[in-house]
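Trainee: Using the hints, build the complex out of the two chains.
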Amino acid sequence: MSVLDTPRLYFTGQMVWDPIVTNNYGPDPTQKPPFPGFYDEAACIPLPPGDSVANFRRRAIEFVDPANWNPHGTHRSNFLARISGADTGSGLDRSDPVVGTPADFLGMLVDAEPYGTFSSQLFFDEMQFGIDGGYRITCPRTFRVMSRYVYFNRNSHNTVKAGIASVIWQTSFPKDCGLRLDAHDSPALQALASALEDEDVAGLTVRWNTYRTIYYDDPEIVTNSGGQLSIDAQALVAKLNIPDSFQPNPARSLMIGVVGLWRKGEPACEPGDRALLAQGTPFKQPVGTAFARVTGGALVVDFGNSVREIDAEVSKQPLGTLSVCAMSADGSTVVEELGSIPYPQYDRDSYLSTSGLVTLPLDPSQCDIAVSSPLRIGSGSDIYLVEPVVAPSNRLLRPAVMTQQNIYMDEGDSPVSTGVQILDTGYATTSGIEVNRYSFDDSSGDVAPVDSALTDSNGIAWFDIAAASGGAVHCYLFTVGADAAQPATLDPQTTSYVYVRTLPSDAEIAAMEPTWENVFNNVLAKWNAMAPCMDNWLWLNDPAQVHAYGGILKKLTAAGAFETYRYMPVVRDMTPGERTLLYAFLDAPLDPDSKPFRAALAEAAPRLPESTRLSRAMRA
Amino acid sequence: MIRLQATPPNNVDDAVAMLQAAAGIEFGTLPPYLYAKFSILPGTNAPASERLTDVINQEMIHLCLVCNIINALGGSPELKPPSYPCTLGDVGPPGGDPLMIRLLPFDPSAMAQGMAIEEPEEVPPFPMLKSMAQGGGAMTIGQYYALVDAFLATLPASAWTAGRNQISDAQFFPGQLFPVGNYSDAHEAISQIVSEGEGAKDDPLDFQNELAHYYRFGEIFHDKVLTKMAEDPGYRWGPNALGVDWSSAYPAIADPGQHDFSRDSAAAQAAQDSCNTAYSGMVDALQRAVNGETGQLGAAVRKMFELRMAAVAALQVPLADGKSVAGPSFVYTSGSGAC
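Protein chains in written order, with the working numbering: chain A, -6 to 613; chain B, 43 to 381.
Chain B with its partners taken away, still in its complex shape (with noise of 0.2 Å):
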């Protein structure tokens, strides 16, 4: 799991610290997860990929959640592309080193990686996070949101500005996506983030009834479906396979970012080019979206779907050793926005 370092915020301004420190999460998942997803061949691997697309699609709305949170509480988000392999702000457990966060294409170690980051624990009753509010420590995203939605609660109404900035699901995520203007709509939007995530108290559905990042991670990792029963502990992998062909994946390298292309063909190195101009235009689009530009979403969106079809492309040429092939290194390269 992704322990993060906290003390209790003390104010607005600490709060928006560490929204914005999670929203650098949320929008560094996206990245590992998307290259895996990439990776997985045409047609083959249907329930992987499906899952994997929703996971994704619910780290874009948690993304625009913690905005949307972040905005209301008259703060200016900011996106930070990370290079890959990273830690995300993960201080590892006590005494151990701190996760190490790689671009990995589709196999059992990518989708290992996705539960490590998704892994739950059980959000502590109030007590202990009174506890942990007072002394500050190493806690897992869902405790660290837990803290940040305790502090959220004790500020008056007029620390909430409605409107502001707001993504609203009018024209993408139907359904799963709300503007904040008060402590209940941040209450609601961070429950969604943390059960989505890690699944609700001792159990693998979260609040919606579905099947939390986890153990859909887990479902592709042990090519089982996780299947109620009646005994405890409720489910159980299997007795159904998902139906995973790891072998139906491109030949994609780890980390491409490190990488050097310049000893691979000319058309590798424009591949790359492509992925990482459409990649930085989204993540500058998204810069502008999440800081009220209308129409900028839709911008991002389009941006998303050009970096797909370039990462499709770039996945289908060889690098020098004549095996292997790259996917995106999600290299931010405007330069104009983000950073």
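Here chain A stands alone, though its shape is the one from the complex (with noise of 0.2 Å):
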């Protein structure tokens, strides 16, 4: 069972993203001047190094236009969602009384990579659906939200910043985790309850697509290069230099989604079943990736992250009449035209009844067929979506990582091992089959093979992740079969990845003597630079306050807290030496010469070459 399954839960609303971005800027030497960026994600300091607070803080004003949308953010994104449907195997039901109940979310947004586009996750407590004492599913963190299958040409209207992109968020709660379900007369979730004890579901998956980001709560903004973008950051601008104020800037999606079953031999966080691979130049895809299961007499395709919205009106784009096929084992010709999807099925109010499933009836031979061939979805000529065929032995394999797509580790750090689940037509697949691992530069783009392992016998090949010397962030792409090709680049619609970040060990902060100008100056500095939402919390720079709050402070930053929503600092960049002065610090009595370290604005700076400016833009 998967959330293709029935039963399940469809919610659809808007979800808000409240990141600084300021962290996404590194140098860039090219530049003509060099520019000299905002932080160094490998040594985990801001940049320039010696950069005072007080210039940093002006500089990330100044960098709002063209590029640095929310400096006063504080990484929290939540849904503004609600239970919008569900369906126990008879389809759309609207009636049943857990619809119109909250899907209440609410995360910290953080790149693993700080510069890159392919590592966002979501940490987080709970995930709730329903109201404590009503109909409620209650959903107590096991594992990240991970971001997957980004796709980065979902609106051909919206290509402001990461306007024109979607991506599949996913995580899944074990049903012995504390997931709670409080059915009452909800037939829906009384379904989902039931299924929960069989012996192959291990518990709820939830998983949503975010499209359509907005910025500046402004829709009319379309492009980065259009002139109401710039009126609006400078009047973001003009906010942010009033003193001693708080002016975020959120960011938003419109979002559906599907809460189902987690059948065991799935990924936790990220799609499982049969993939349907988005085909064409990387990034420039037509359609995006999809996803597919035959179930109940029915294949059933999850076109969540799939088709273009083309207008203000968020259409969907006509694509004709969708051809669905089943192929030759070697997918080379087609075997039956398994059946047809008109554009009625895939248009929006179709999207927005049931979060992009469609279901695709089928006869029992029709599903004898499609259980074990390779499908292919397209349009007249027009190829959109294919299934994968393994060469030589045309089996449809597929990577997915298991749990840890995104890993954080120490310099100096034992290696840890991550499983890649092979599924084979969308079920864990058995032992010897042969995995292989290559790295990613994605500053030159060079990808070059590492190592290969066999599956076990639950299909999982399990690679050693060793943490880098010094500070640095790796990325490792998965191929299945002896045979597979290299892949030419990451395009997450089509490649099963992994990124670590190893933080610094820092030996050389942790021996220093632990007076607060050392405190300030190596450790707290930074976050009270380029995370101003501080101030409305703690004041970093205040010797008295931190030390004050030192218990929290210890207790919010231990190695033990880094799963939680109030982790702090929220990106995940306090390295062990920092660690060890910071408590060291904590710890001693407080020297009462000890004095604030003042970060107010500095005055305003020349405006950055607009060369600098436009290529900026294009990274945010």
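Hints are computed from structural coordinates only; laboratory data are not their basis. These numbers were taken from a predicted model, which means no experiment stands behind them. Treat the hints with caution; some may be incorrect.
Unchecked claim - In silico lysine to aspartate or glutamate, EDC-like type, Cα no more than 20 Å apart, as pairs: (1) B/Lys270 - A/Asp193; (2) B/Lys270 - A/Asp178; (3) B/Lys266 - A/Asp175; (4) B/Lys122 - B/Asp297; (5) A/Lys547 - A/Glu506; (6) A/Lys168 - A/Asp193; (7) B/Lys122 - B/Asp56; (8) B/Lys266 - A/Asp125; (9) B/Lys270 - A/Asp175.
Unchecked claim - Looking from chain A toward chain B, a few residues come up when the C-beta cut is under 7 Å (computed): (10) Val9; (11) Thr94; (12) Ile235; (13) Phe239; (14) Gln240; (15) Pro241; (16) Asn529.
Said to hold, decoys possible - Take a look, some chain A residues computed to stay more than 10 Å from chain B by CB distance: (17) Asp33; (18) Leu85; (19) Pro243; (20) Ser308; (21) Thr482; (22) Ala504; (23) Met561.
We put the CB at the ideal spot given by N, CA and C, even for glycine.
Mentor: Structure follows, in structure tokens:
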């Protein structure tokens, strides 16, 4: 069972994003003059080194126009959503009493690789559907929410910043880790509760898709070069320059989602089932990767991240009637057309009704064919989605990372093992399948082979991940099959990957005298500079306050709290050496001569050259 | 419940005056609710604290929505910080005393007061409303809003000015705060305010299927989760406990505004000064924000955080009796703006 099986719940609404993005901008020596950047993701330090907090904050505000759209962000990201429907096996049901209840989620949006766009994740403590005392599913966190299958060609109308893209978000909740359903008289919740008792069901999966993201709360801004974007950015700059004020500027996405069953052997944080991969030039595919499953006498296709939006009304692109075909074993020729999906079944109304899931009824003979044949979806002569066939065995294998898409390590840590589940027609495969690992350097684009591993009896290939020497961010790609071609690049629509961030040990910082000056300059100043929202809670530049809140600070920054919503620093870049020095300062009596480091806004500096401004705009 | 004396509005100025009074109530509920929340010991009473936070946030939203309506009608919202204890305009039940609203620390009486403020009464159907509109008299907050709403429905489109000094959800309270530019928007705002405070008709849930304020206070007061049941009346208190620990609260005095701090330590006096400075700064910034000054809502929120930090500090300074502390008095001291 999976979210493509029934029972399942649908939810729709919006998602609000409030990240600080200042650390997205690294140095760029190719600019004229060279761009100093704001953050060194390998060393975990703000740039340029030695920049004062006040100067850093001023530069961060000036960089709002063209790129740095939210220097006062908090990283908080939340749903504004409700349960919109249910399906217990008889199709969409909007009469179930759980429909209309709120879907609540509050998480912290953090990129494992600050410069990159493929490693976003949400740290959270609990997700809830419904309300206390009423219809309710309470889901305490076991795994982070991961972003996968970023589709960079989703929205032809709104191309501002990440507005062009859509993202699949997913996490799963084991049924024996605090998951709770209060069904009362809701047939949908009763069906879910009953299904959870099945031996094959590991828990619940929540998958959602965010799309059509807008900035400055202005849906009229649809390009990165329009004058209105600059006008709105300048208005934000004016607000940010109001002394002692807090001026967040959250972005918003539309979203659809599904709550369904998490089957044993399915990855927790990315889609399982069968993948029908996007075709065409990487990052420009006309249709995004879809997922499919033959279940209940039908083929259920997840188009949640697939069909583009083309106008201000968020209309779906008409692709004609889509033909769903079963292919020959090698995927080369059509064996049978299983059915067709006309536009009304994938238009916007349909998308909102069933969160992008399309059900294609099959007769029993078609089911038999569809279960084992490669699938292909197209329209006329256009082929949009193809299920990959692994040669020479012609098996329908694909890799999916089990639970750890983003891995954090400290320099000097022992290697950790990460599992890549190989799915065969959507189910966990067996032993002996070769899985290949490649490194990917996203600054140069280079891909290079690393090693291979064979699957174990659960169909999982295990790879040791070593901590880097010094700070670094590494990315690994995975393919399946001894003859698999080396990936040309990391295309999130077609590539399985993990990111590994190693924080430097900073042993020299750990060895410093725990004076206020050392603690501020080597530990606290970077967060004081990069996270002005902290001023709302604690003056990180004030030794008396920092010391007075020492107990809370230690609790929030403890390595054991890393997965929690309230962990500090939110961006997870506290090095072991920084932690050691901070704790030594907190544990010692406060020197009464310690003085606050003031962080008032400095006077405005000359604006950046236009070429730099325009170039940087593309990196937001 | 709060009962308000009102006569039917005859013109836009009357309606604005009624809305101004309503804004005063929304604003006036914040200090007592904040006082109770601030006085919870950190790290304790999470479900109660969460419910109070939700209520406080919604009261702030209600205040902004009422100000949006006033602005759309051409008025200029005025925030008038009350001195506690006060009635917030309550006239009391027939022959009875008005509800005296106090600053109470986190205890059952503070939650009972919250229930009393938010206590619902079935919103009358239109004929009854019409009768009331003819005669005027004392009414609940919900009825009061209904009276205003009925008048607003009669206004021509030309009475409304879209985009005038409106506060949207661009920065804060996403999805819950919206500009008012016509009667439809105003009606939606009033419906949201009434339903979130009192619940929908015959239902503890508001129009968004979430628990109304009265019942959130009730859950804390009873230390029971309001739970759906199959039989009438559809809900019951419990059986699950909410998890309230009344002892996990600072030993804060009630009504600190009436306390003579001159007998307390300099630290206690300084702590009160810090609270009042932050509160007054917040009021001033909010006053500017609801009258259309760009960026001032962000300044008000910043002051709100300063008030929270000042309150946390104040609640740790012993008073002269050596056993009690005081939270913020919510005394407006600026003299420069709101009043």
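Trainee: Take the hints in turn and mark each one as holding or not.
Mentor: Hints versus structure:
1. At roughly 31 Å between alpha-carbon atoms, lysine 270 of chain B and aspartate 193 of chain A are farther apart than 20 Å, so this suggested pair is violated.
2. A distance of roughly 10 Å separates the Cα atoms of lysine 270 of chain B and aspartate 178 of chain A; the hinted pair therefore holds under the 20 Å criterion.
3. The suggested pairing of lysine 266 of chain B with aspartate 175 of chain A holds, with an alpha-carbon distance near 16 Å, which does not exceed 20 Å.
4. Simply put, lysine 122 of chain B and aspartate 297 of chain B have alpha-carbon atoms about 18 Å apart, close enough for the 20 Å limit, and the pair holds.
5. A hinted pair counts as satisfied when its Cα atoms are at most 20 Å apart, and lysine 547 of chain A with glutamate 506 of chain A qualifies at roughly 19 Å.
6. With a CA separation close to 11 Å, the supplied pair lysine 168 of chain A and aspartate 193 of chain A stays within the 20 Å bound.
7. A distance of roughly 18 Å separates the Cα atoms of lysine 122 of chain B and aspartate 56 of chain B; the hinted pair therefore holds under the 20 Å criterion.
8. Using a Cα cut-off of 20 Å, the hinted pair lysine 266 of chain B and aspartate 125 of chain A holds, with the two alpha carbons roughly 11 Å apart.
9. A C-alpha spacing of about 10 Å is found between lysine 270 of chain B and aspartate 175 of chain A, which places the hinted pair at or below 20 Å, so the restraint holds.
10. Using the Cβ-Cβ criterion of 7 Å, the hint placing valine 9 of chain A at the interface with chain B is satisfied: the shortest such distance is roughly 5 Å.
11. Here the hint on threonine 94 of chain A is kept, as its CB sits about 5 Å from the closest CB of chain B, short of 7 Å.
12. Checking isoleucine 235 of chain A against chain B by beta carbon gives a least distance of about 5 Å; that is within 7 Å, so the hint holds.
13. Interface restraint check for phenylalanine 239 of chain A: the shortest CB-CB distance to chain B comes to about 4 Å, inside 7 Å, so the restraint holds.
14. A least Cβ separation of about 4 Å between glutamine 240 of chain A and chain B falls short of the 7 Å threshold, and the interface hint therefore holds.
15. Contact between proline 241 of chain A and chain B, as hinted, is supported at the beta carbon level, the nearest pair being about 6 Å apart and thus within 7 Å.
16. Hint on asparagine 529 of chain A holds. Least Cβ distance to chain B is approximately 4 Å, under the 7 Å limit.
17. The claim that aspartate 33 of chain A lies off the interface holds: its Cβ sits roughly 30 Å from the closest Cβ of chain B, which is beyond the 10 Å cut-off.
18. Every C-beta of chain B lies more than 10 Å from that of leucine 85 of chain A, the closest at about 19 Å, which supports listing it as non-interface.
19. Against the 10 Å criterion, proline 243 of chain A falls within the reach of chain B, whose nearest CB is about 6 Å from its own CB.
20. Every beta carbon of chain B lies more than 10 Å from that of serine 308 of chain A, the smallest distance being close to 23 Å; the non-interface claim holds.
21. For threonine 482 of chain A, the shortest C-beta to C-beta distance to chain B comes to about 36 Å, beyond the 10 Å cut-off, and the non-interface label holds.
22. Remark: the non-interface label on alanine 504 of chain A is consistent with the geometry, its nearest Cβ contact in chain B lying 33 Å away (cut-off 10 Å).
23. Every CB of chain B lies more than 10 Å from the CB of methionine 561 of chain A, the least distance being 15 Å, so the non-interface label holds.
Figure legend: structure checked against the earlier numbered hints; hints not met, in rising order: 1 and 19.
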